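There are 2 protein chains.
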Amino acid sequence: MQKYFIPKEKLKLGIIDTDDAFHITSVMRCHIGDEILVSDCENTYNCKITSLKNDLVTFEIMYQEIGNKELPVFVSIFQGYPKGDKMEEIIKHGVELGAYEFYPTIMKRSVFKLEEKKKESKLARFNKISKEAAEQSFRQYVPQVCDIPYLKTIDFSKYDKKILCFEEAYKNGDLYNFKTIISSLKKDDKIAIVIGPEGGIDKTEYDYLLSLGFIPASLGPRILRTETAVFYCLSSISYEMELKKSE
Amino acid sequence: MQKYFIPKEKLKLGIIDTDDAFHITSVMRCHIGDEILVSDCENTYNCKITSLKNDLVTFEIMYQEIGNKELPVFVSIFQGYPKGDKMEEIIKHGVELGAYEFYPTIMKRSVFKLEEKKKESKLARFNKISKEAAEQSFRQYVPQVCDIPYLKTIDFSKYDKKILCFEEAYKNGDLYNFKTIISSLKKDDKIAIVIGPEGGIDKTEYDYLLSLGFIPASLGPRILRTETAVFYCLSSISYEMELKKSE
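Chain order of the listed sequences is A and B. Following this note's numbering, the numbering of the first sequence begins with 1 at its first residue and continues without gaps. Following this note's numbering, the numbering of the second sequence begins with 1001 at its first residue and continues without gaps.
Looking at chain A on its own, in the form it has when it is part of the complex (with noise of 0.2 Å):
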């Protein structure tokens, strides 16, 4: 059953409209009566189409959908701006796999140059690309794809643990920080998870960082791309704290 995430007071009037509402009669092909999933990112309604036109669709509210489906800490990607389109992929397999929230972040190795008047029009594109996924994904809430800040610029005092993916760092032995980390996460944690651009973090960076809390974990014994490192994050969160294994 597809998913739809619109504002709180559309919600209340039973209304769906714009682009989602063209995807409901035109892509997905629904009927009145068919059954969607309709969310105001706080809770998730289980909902009969009772109208359809392609810029206007009605439902009424069924019943209210339980079960949590986030992750119990929120995760905050600081991406090193990678070269092309592998920031889209990264938002949307980074959703499925239930980040909180996204910083494209300007790392001296990124190549991507800051134009600022196309900063908005990006944003804009990365959240609608974040919309999308958790809609597939049955998120609850929407990940934000916040601003496309410089490293120097963003504000890490507010995160309970902080995590610099680092590839040396298997070179100097380590296999322990990250995992000895994410092991003890607790349920509302905060973390910052900084992962550098193709090139990777510079040595000023990683300096800079260390100084801030971080901890330069390595991801294994293999050199993963700048967007599978995301992927390998993620996963791990979830393996570690929503999977359970018999005893």
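It is worth saying that the hints were derived from the structure and are not from the lab. Computed from a prediction, not measured in an experiment: that's the story for all the values here. The beta carbon of each residue, even a glycine, is placed where N, CA and C say it ideally should be. Wrong hints could be hidden among the right ones.
If we take Cβ atoms under 7 Å as the criterion, some of the chain B residues that face chain A in the derived model are [stated by the list, open to error]:
| # | residue |
| --- | --- |
| 1 | Lys-1069 |
| 2 | His-1093 |
| 3 | Glu-1096 |
| 4 | Phe-1138 |
| 5 | Arg-1222 |
| 6 | Ile-1223 |
| 7 | Ser-1236 |
| 8 | Lys-1245 |
Here are the in silico distance ranges between beta carbons for each label pair [stated by the list, open to error]:
| # | chain 1 | residue 1 | chain 2 | residue 2 | range |
| --- | --- | --- | --- | --- | --- |
| 9 | B | Phe-1022 | A | Lys-152 | 37 to 47 Å |
| 10 | B | Asn-1046 | A | Lys-83 | 55 to 65 Å |
| 11 | B | Met-1062 | A | Gly-67 | 56 to 66 Å |
| 12 | A | Pro-72 | B | Lys-1118 | 29 to 39 Å |
With the hints as your guide, set chain B onto chain A.
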């Protein structure tokens, strides 16, 4: 340092030709005296370039690289053939994350239609992507994309553990099966992981796989895209088996 996989006989002769020679000269723009890693899929050597042409590079071996970069278990991915070029994305990141081999498998809900005459060229392309990803991630072994089989023609009898990724398992209360299996793996175990295409596993395929001893397993409360499921499985296996925590 860039890594190249070459046949054993060329390693003995100290030569690299074809695409790899072009890559060294024209993409990496190496010079005489630069170091590269060369592997015959068994051992990896740190080598120095002794001469350079676009179609022939010669090198001498300096010393053998040590340290294992391979997952301690053999993970075979039976991926329901997905739409578009997702299979390439799965191979690319799956190789980085340590998969042992891939079978792009034609399942009932695969939209893909196999044209026999295109099979060889598809497999050649998949294996090229695998080789490049293995070089990039410093694997010691190039995972093979072995065949494009139909599900019913596959012999699963050699596997120690058989996992069917199945999102419906979560609705039935399963958050246990995946972690219970992964946390019980032993070194050199052979694991078959079956993942459905976009539309998921068909009921008859589900029954068939269960009759072969497959365990249906949820990968957490969020619905993952077919390509994301592979990343989740492999990352979790690495996290469980390769990373350690300090006591």
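Now the hints, each set against the structure:
1. Lys-1069: holds, 5 Å
2. His-1093: holds, 5 Å
3. Glu-1096: With a minimum Cβ separation of about 5 Å from chain A (threshold 7 Å), the hint on Glu-1096 (chain B) holds.
4. Phe-1138: holds, 5 Å
5. Arg-1222: Holds, about 4 Å.
6. Ile-1223: holds, 5 Å
7. Ser-1236: holds, 4 Å
8. Lys-1245: holds, 4 Å
9. B:Phe-1022 / A:Lys-152: 37 to 47 Å: Holds: the Cβ-Cβ distance is about 40 Å, inside 37 to 47 Å.
10. B:Asn-1046 / A:Lys-83: 55 to 65 Å: violated, 28 Å
11. B:Met-1062 / A:Gly-67: 56 to 66 Å: holds, 58 Å
12. A:Pro-72 / B:Lys-1118: 29 to 39 Å: violated, 46 Å
When each numbered hint is compared with the structure, violations occur for hints 10 and 12.
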